[in-house]
Amino acid sequence: MSATVAAKSAPAYVSIMAHSKVNAEGIPDETDQVVLECGEGITKPGCTISQGSGEYSGEYTVESTAPLDARHPYRVLYVQWAPGDPEAGERWVSWQLPTG
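Residue 99 in this note's numbering is what sits at position 99 of the sequence shown, and the numbering runs on without skipping anything.
Do not take every clue at face value.
Quick list of simulated restraints, FRET-style, between CB atoms [said to hold, decoys possible]:
#1 67 - 26: 33 to 41 Å
#2 58 - 30: 29 to 37 Å
#3 6 - 37: 19 to 27 Å
#4 29 - 55: 36 to 44 Å
#5 27 - 53: 34 to 42 Å
#6 26 - 69: 33 to 41 Å
#7 33 - 2: 13 to 21 Å
#8 69 - 25: 23 to 31 Å
#9 56 - 31: 17 to 25 Å
Think of the hints as simulated: they come from the structure by calculation, not from any bench. Ideal Cβ placement from N, Cα and C applies to all residues, glycine included.
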């Protein structure tokens, strides 16, 4: 599984959260989830972050290092920038990814 994010700087932390189900409001069930994370300080990364080149140099691709199983079809990508910069604060963005 991979997703590409356009940004001015590389993400500092990324997590791919795969859930078994969501409720009627679209809120993921966190009791049965798989978390794949990568970034600074993660000792066992479950994903990688790579920067594009040329005209794609402002894009960063996040790829899981293992396939996600069919039991967890609801996937959310969380991306954080500048967690170590006290002036910037924490900036998070999340996307619901297509199932499958």
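Evaluated hints:
The hint said 33 to 41 Å for the Cβ distance between residue 67 and residue 26, and at roughly 24 Å that hint is violated. Range check, residue 58 to residue 30: about 32 Å between beta-carbon atoms, so the 29 to 37 Å window is met. Checked against the given bound of 19 to 27 Å, the beta carbons of residue 6 and residue 37, roughly 21 Å apart, stay inside it. Checked against the given bound of 36 to 44 Å, the beta carbons of residue 29 and residue 55, roughly 40 Å apart, stay inside it.
As the Cβ distance of residue 27 to residue 53 is approximately 38 Å, the hint placing it in 34 to 42 Å holds. Distance hint check: the CB atoms of residue 26 and residue 69 are about 21 Å apart, inconsistent with the given range 33 to 41 Å. Between residue 33 and residue 2 the CB atoms are about 19 Å apart, so this pair conforms to the stated range of 13 to 21 Å. Between residue 69 and residue 25 the CB atoms are about 25 Å apart, so this pair conforms to the stated range of 23 to 31 Å.
Checked against the hint of 17 to 25 Å, the pair residue 56 and residue 31 fails, with Cβ atoms roughly 38 Å apart.
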